[in-house]
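J.: Since chain A is already given, all that's left is putting chains B and C on it; use the hints.
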Amino acid sequence: MTTRKETVEVANGSAHGAGVIAKATTDEARLRVSKTYKMYVGGAFIRSESGRSFQVKGSSLESSADPATVNIPLGSRKDVRDAVIVAKAAQEKWAARTAYNRGQIVYRLAEVLDARRGELEASLVRAGATATGAAREVDCAVDRIVFYAGFCDKIASLAASSNPVSGPHFAFSVPEPMGVIGVLAPPRPALLGLVSAVLPVITGGNSAIVVASADDPRTAIVFCECLATSDVPGGVVNVLTGLASDLAPQLAKHREVAGLDAYLDDAALRASIERDASESVKRVKTQAPFTDDRIFDERGGQGLTFIERFLETKSIWHPVGL
Amino acid sequence: MSREITKSPKGIAAASAGASQAPALDFGRAWDYAPALEGVSHIKLQPRYGLFIGGAFRAPRSDKYFATVNPSNEQVLSEVAEANAADVDDAVRAARLAYEKYWSKMRGAERAKYLFRIARALQEKARDFAIVETMDGGKPIKESRDFDVPMAAAHFFYHAGWADKLDYAFQGRRARPLGVAGQIIPWNFPLLMAAWKIAPALACGNTVVLKPAETTPLTALLLAQLIEEAELPPGVVNIITGAGETGAALVNHADVNKIAFTGSTEVGKRIQASLAGTGKRLTLELGGKAANVVFADAPMDQAVEGIINGIYFNQGHVCCAGSRLLVEESAHDTLVRRLRDRIATMRVGDPLDKNTDVGAINSKMQLDRIRELVDAGEREGATRYSAPCALPSKGYWFAPTFFTGVAQSSRIAREEIFGPVLSVLTFRTPDEALEKANNTMYGLSAGVWTDKGAKIFWMAERLKAGVVWGNTFNKFDPSSPFGGYKESGFGREGGRQGLAAYVELDG
Amino acid sequence: MSTHATNGNGPAGTAAPYSVGPSLGGGGRPALFPLFTSPPVDQVAVEERAASLAKRSLKKASKVWGLKLAISMMDLTTLEGKDTPGKVRGLCQKARAPSDSDPSIGPCAAVCVYPNLVPTARLALAGSPVKIASVATAFPSGLSPLTVKLDDVRRAVEFGADEIDMVIDRGAMLAGDYAKVFDEIAATKEASGAAHLKVILETGELQTYDIVRKASELAIAAGADFIKTSTGKVQPAATPAVTLVMLEVIRDHYYATGRKIGMKPAGGVRTAKQALHYLVIVKETLGDAWLTPDLFRFGASALLTDVLMQLEKERTGLYQAADDFSKD
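Residue numbers (the working numbering), protein chains in the order written: chain A, 14 to 335; chain B, 2 to 508; chain C, 86 to 413.
So here's chain A without its partners, still in its complex pose (with noise of 0.2 Å):
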């Protein structure tokens, strides 16, 4: 805990102490350069191609160059498809590394979180969070995807089966990923929400179609910038920003689409995406946003359940003879 304070302070002041920089050299207030926010596909920040936007506000923090309002690209449904034909590619070659080697690129990830842990933070902050309810988040966040970086070799052993059939032959299970799966991440905790839904789906083999929290998408496209600087492959987790009720209808009825985990408020919504689900059999999941006290919690936030949801399980038979 100490440790993590620590560098909090040291983040905040570095940001702090550049500002005094700036208005030592001259009396007049420096403009920072603020951020132009951008949705990531394909591992690459990209603008709608609605090319529109809609607004957060959030408080404006001395540590960040972000005024009080910013726009935030407004997904469409082309966005959609063209994430998804992105997705599918990236996929297949996800799926197709080892476990092993799946499972050095999560871990990578939660390397470069937690060395990026300041800028989330301050980007959780800056949505309304305390300091210390950002830090925990962060921790948590951190924490979940060392989890599932641990996962990625072990489903196969944990999920997997010999089966015992009456015959002469050799029959066995092996879990495998589903595809592309849409992801309507909670829209609150921003970030931990989020790892909490895509690490499960990616951890599997499948790749992610992620719309972010409304909320605070900010801190989604923060830890988009995460992914990038990560050995993830672009195209295995893509962010788009947006109304989930634009987004989720068109990632439900999309039938590249295998799948799709739903963490939405609006019961309404929810009802509407399983049943435009229905038309492709898609494996659907909805639920309302889980509490902080389960979204925290080791048991009920995170595990092996949530990995398979998004696994088929193939059974392989063959005779055993000469």
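It should be emphasised that the hints constitute simulated quantities derived from the structure, not laboratory data.
Hints are supplied without guarantee of correctness; some may be wrong.
[Unchecked claim] Derived BS3-like pairs: lysine-lysine, alpha-carbon spacing no greater than 25 Å straight-line:
#1 Lys145(C) with Lys126(B)
#2 Lys298(A) with Lys270(B)
#3 Lys270(B) with Lys101(A)
#4 Lys265(C) with Lys318(C)
#5 Lys355(B) with Lys145(C)
#6 Lys398(C) with Lys140(C)
#7 Lys355(B) with Lys318(C)
#8 Lys365(B) with Lys355(B)
#9 Lys51(A) with Lys101(A)
#10 Lys453(B) with Lys437(B)
#11 Lys358(C) with Lys355(B)
#12 Lys144(C) with Lys355(B)
#13 Lys265(C) with Lys355(B)
#14 Lys476(B) with Lys265(C)
#15 Lys456(B) with Lys106(A)
#16 Lys101(A) with Lys48(A)
#17 Lys51(A) with Lys167(A)
#18 Lys476(B) with Lys355(B)
T.: Then chains B and C, alone, in the frame of chain A:
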């Protein structure tokens, strides 16, 4: 054969060019097998069956009954009750009561013993179940006797053992039953599907309301009698008969926690849609259009058997039927020639004849559908070959048939025919085989035939199907999870993995 | 188009240089024996198929027809060190008229004896259609010099054998010396002259169906009129599955050349039920044309009694006692 016969309309059709060459084998009648009919005189079906609700049979509130017909001679076998919404409600209430009062409180070890008892009783009454299955559904007695009924008993026996071992099945997690499961099953394996549904649900601590298909309700009703005799607590298993409306009432009943459905993709989608927003759990086992991929280096004669078994088993009324034969182009002519000779030996006719290989089509409706698709295949220019067998004049029949020269885009290569009709396509390279095999909205099963071990694994890894049979086909076992990818449905039945469909897990 | 070539031995329609398929089909001596391949056989599936044919239920007229056919296909066999003229004469008598009660039954196809007993059989069978088969080629091991084996054959023919049942050199087969196996069969065929040649593979020593298939192809290419499973001296002897594999080779040869080769399971076929099972396999693999003693034989000694008992049961409706039927 003494019974009245008519010639199959397309008796001896033109075979594909590559396969029609002298010398030809003659599968004639030099030595014809006399009819070997399974005795049925001891089978006493009731003229009318009620609904099995709360541990006893009773008349339906609907006051309606419908006939169930023997598809091999169109004779009415019995009348069964048509459950309406009020009957469904009764059944669900009975299941809920049984769940709360008995089943959820019972130790797993005790549940296990009830399931073992059902398995044993099924084994003891195996022959009668087989005969009734064949009479009601039209499948050959050889299959109901040697496959459906023993496999149904095996499913009860297998799952019985899980009832007190759920903590081992989901190590590190706690498994809780879901409550009341509504289960809707198809007409192709009536008793076996009932076993696939009831056994895991009960093992996991759920109670059930099961609706068999309207054309094949009898063995489920016999199973209800058997369950009554096994003295299961009343209401743990409820069996209600009816058609689509009854099923819909069950699906939409507010107090059902889970729906398990096996049937067509079309109906599966409707069920999935109607469950939207209800929080009910769902598993679906739907249609298929399986590719059976034969490489030129395959053990060819055994591949032929696998192809035959893959498509003509149970008249092709099998969701995982190998209905698309993808054969390496260099082996096409050799294979087609053997296929043609092989289906010439198949015996189509009275399902109760122990020598019958292909029985009756399950219903008039299904026969019409098969004919429509076969006509489409001919119109699209594929070459048809039907076994030169005589078909009985009464009942619903279709001779074993295959098409060569089928394009990947044609209807008979894409749509599920659910009949004894095979589409033969060719490929040149493994990549092309794989691409064609996966080029379907379905993903239930696939077959691969090659003598090269590495190639089996290469294919098996890449085929998008829930079951991959290497150098075999249509093998089933209670310990082996079965279920689909893509529009063939979701969830698994059988094995440890299949239990997940009937429990809620933490973490 | 060559059947073999499309079975994976080479590109369709052309003979790959290492493929002996087409050559075997034409009956010539393959050029490059060491690389000789033949289509693979899957044990589990072929045994499953053979077993499934045992499920055919044969009743009444079809059973009687099948059993009488089986008798007409029997090579009544005695191959013991203690064989005597008396024993062989008894066997011949039984082969000529198998049933005391029903003269419509019989005769058997042949008697099968060691060369030294051929003259006895010749006398005992004079004027009957029953053929005389003799094992030769240093039966049962075949592990003697070729000249000795050929002399064995020539003597048997001189003594009056109509059919020669030779053994292949299984050691050479398993060692991959296919040329030796082929050449010995071809030489034996020549030595047999007008006598029909049955080639015994001794499948129980070859173990795998792949080798059985390969040996069958070699034997047929080298001139066999019949291929035969076993000597009866090694277990397992004939099985339904190994018979099915050999019948499939016969079928492929027929497809390729139009020439019909015969098949003889020998050893282990003891009951009427088993015999009917074999006949079902023949009927459903090769069709009606092979349901004749010219193309299918049973090598058996105990089988006849059980078949006669079953026929009598069909005739009288009563189950029979074994002691009511003569053993030799």
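J.: Next, verify each hint and record whether it holds.
T.: Structure-based check of each hint:
For the given pair, Lys145(C) sits about 28 Å from Lys126(B) by alpha-carbon distance, which is inconsistent with the 25 Å threshold. For the proposed pair Lys298(A) and Lys270(B), the alpha carbon gap of about 16 Å is at most 25 Å, so the pair holds. With a C-alpha separation of about 24 Å, the suggested pair Lys270(B) and Lys101(A) falls inside the 25 Å cut-off, and the hint holds. The hinted pair formed by Lys265(C) and Lys318(C) meets the criterion: a straight-line CA distance of about 23 Å does not exceed 25 Å.
Restraint check for Lys355(B) and Lys145(C): the C-alpha separation of about 14 Å stays at or below 25 Å, so the hint holds. Under the criterion of a C-alpha separation no larger than 25 Å, the hint pairing Lys398(C) with Lys140(C) is consistent with the structure, at around 21 Å. Taken as a hint, the Lys355(B) and Lys318(C) pair is broken in the structure, with Cα atoms around 36 Å apart against an allowance of 25 Å. At most 25 Å may separate the alpha-carbon atoms for a hinted pair to count; Lys365(B) and Lys355(B) meet this at roughly 24 Å.
As the CA atoms of Lys51(A) and Lys101(A) are separated by approximately 21 Å, the hinted pair is consistent with the 25 Å bound. Between Lys453(B) and Lys437(B) the CA atoms are separated by roughly 20 Å; this keeps the pair inside 25 Å, and the hint holds. For the hint pairing Lys358(C) with Lys355(B), the CA-to-CA distance comes to about 16 Å; that is within 25 Å, so the pair holds. Distance check on the hinted pair: Lys144(C) and Lys355(B) sit about 11 Å apart at the alpha-carbon level, within 25 Å; holds.
Straight-line distance between C-alpha atoms of Lys265(C) and Lys355(B) comes to about 48 Å, which puts the hinted pair past the 25 Å bound. Between Lys476(B) and Lys265(C) the CA atoms are separated by roughly 43 Å; this puts the pair beyond 25 Å, and the hint is violated. Only pairs whose Cα atoms come within 25 Å are accepted, and Lys456(B) paired with Lys106(A) is accepted, the gap being roughly 20 Å. Simply put, Lys101(A) and Lys48(A) have alpha-carbon atoms about 29 Å apart, too far for the 25 Å limit, and the pair is violated.
Restraint check: the Cα-Cα separation between Lys51(A) and Lys167(A) comes to about 35 Å, which exceeds 25 Å; the hinted pair is violated. A C-alpha spacing of about 21 Å is found between Lys476(B) and Lys355(B), which places the hinted pair at or below 25 Å, so the restraint holds.
Hint violations for this structure: numbers 1, 7, 13, 14, 16, 17, all remaining hints satisfied.
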